[in-house]
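*Asks:* Combine the two chains into a complex, taking the hints into account.
This is what each chain is made of:
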Amino acid sequence: MTPERFHQIVEAYGADPRRWPQHERAAAEAWAAAHRAEADALLADAAGIDAWLAADKVDPPGAALQQRIIGSAPVRRPSAPRRKLWWSGAAVAGVGVLVGMAGAFAVSFFVLTGTVPQMHESSYLTSSFGGSSADWSGE
Amino acid sequence: MSERDPDAELLEGVARQDPAAVRSLVARKLPRLLALATRMLGDRMEAEDVAQEVFVRIWKQASRWREGEAKVDTWVHRVALNLCYDRLRGRREVPQDDMPDEIDPAALPDAALEARAQDKRVREALAALPARQREALVLNYYQEMSNIDAAALMGITVDALESLLARARRNLRAQLAGSGLSKDKS
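Chains A and B, in that order, give the protein sequences.
So in this note's numbering, the last spot in the first sequence is 139, and the numbers never skip.
So in this note's numbering, the last spot in the second sequence is 186, and the numbers never skip.
So that you can see chain B by itself, here it is in the shape it has in the complex (with noise of 0.2 Å):
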């Protein structure tokens, strides 16, 4: 017997408008769905507002949810990324160094602006990756689904997802390198 998957409870609470199961649902799934908005983004503000926006679908959604048909993970993840594409293709001409830089240099002691130096380079080397490449490595590793579940998600074979990944980390590489992106664009 398969296991059940563990947020279909929280779902069938937040059918029956349960408030307790909302903020049971809120306190699990944000955190993760934040963090996959803002690296496939590299904006928290957009990050937010796509946090926002699969948390209303899944209010509208919840009571028609059939278990079995797909883990919760999986489809607020599948949402998630179509609303992340949805605004990616709305910005295709949007330079990808606008990212706006909040951080006043005189409010962090020096270990902090090390860090945030850091956590800017790696976004936006990211956000330097093409789209699916970013995708694989987000939900892999960043998310820590497992190959399958990943693979699953974003439509492709295992072997594809790894060929995905496989070049994602040679072009990161390649950036550490200062040799900027590779070539390999797919």
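Here chain A stands alone, though its shape is the one from the complex (with noise of 0.2 Å):
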């Protein structure tokens, strides 16, 4: 390190070595060591526009300007959860094999006995007054 690439790095970078190039930072830190007085002084100086600097403070983004951004964004549409899709396919699918089988029965019971199976009177079409075809008077 040189007396001439010290002051180069602090007029460009500040006082702070935190912000001296990496590969420059040790040696000029040692440089500055050796060095007291002068180095003292050129670094006072650049701390002062250090400071200046580190003063100015830009207020966070609002929420409505972050709203405004996230909702200019494509965003893929959420899907229906898989799990009931399935279980809402499956009952539509088992209503209507058991409605297939109990069709298919009700055919091949007609084939075979060629008759239409019995079915009860509708309990609009009776009463408790009569309407019944059993002849009760025998007894």
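Taking lysine-lysine pairs in the DSBU-like style, the calculated list, with each CA pair at most 35 Å apart, reads:
no.: 1; chain 1: A; residue 1: K57; chain 2: B; residue 2: K60
no.: 2; chain 1: B; residue 1: K60; chain 2: B; residue 2: K71
no.: 3; chain 1: B; residue 1: K71; chain 2: B; residue 2: K120
no.: 4; chain 1: A; residue 1: K57; chain 2: B; residue 2: K120
no.: 5; chain 1: B; residue 1: K71; chain 2: A; residue 2: K57
Read the hints as simulated data drawn from the structure, not as lab findings.
It should be emphasised that the depicted structure is a prediction, and the values quoted were computed from it without experimental measurement.
*Replies:* Right, here's the structure in full:
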């Protein structure tokens, strides 16, 4: 590290060694330690500018700006959970199979016996006062 | 083996239109981009417009991004700086001291008022620097980019970057001393 290079580093990057070029940092710090008076004068001058620069703070982005930006992004629509879809599909298929089996049973019964399966009269065609075909007079 | 770009994975998520990746990228990059544009332009509203525009470009380009060609952070800084320069060129005729003062002195305590006034002085001093000096200082000091990354972003050598940084600091020192900017305008 030469005095000229130390001057260049401080004039460009300031007084804080953490901002100095990484590959020259150790050598520059060693030079400053070996030439304390000269280095301190230079560093004090640069530190004034550093403090002035550090005083400038930019307010963080507001929530409205963040939401506007996030809202401008093309995002994938969340799909319905796969498991629910599977279950509902299985339920529909199951009902279909049961209805089909019942229909097949009724048709095969009719074909084998040649009669229409006897049905109970609907309750709305009868009443407790009559309508029954059974003759109870002999009792 | 070189380290993976820490932003590359997020950008891949953005390309897949993953909402979580979008939110994470905004949280990570928006404060940096807004600070960069605010210091380059000296105007918060314009800086917010620039930041929004940068993200629109990110959404469009994410699926075409090829890792290894450049760092994501460097690329988004380049986009932001180009947009800032477009605006600076557009307002060449506008005097620098037209920055609006939106501060109501009665609403701020003394310390906050002093801090605001200090911010304004620094912002005005930065705005008065030649654009390339300001760019070098903002990238290296405020954005904390390494000298190699900042020089690559600006398309110059590290020596040239150091020269710009040193001149920027000399100009600021001259302002601090109350003597105005030096004649060094390059």
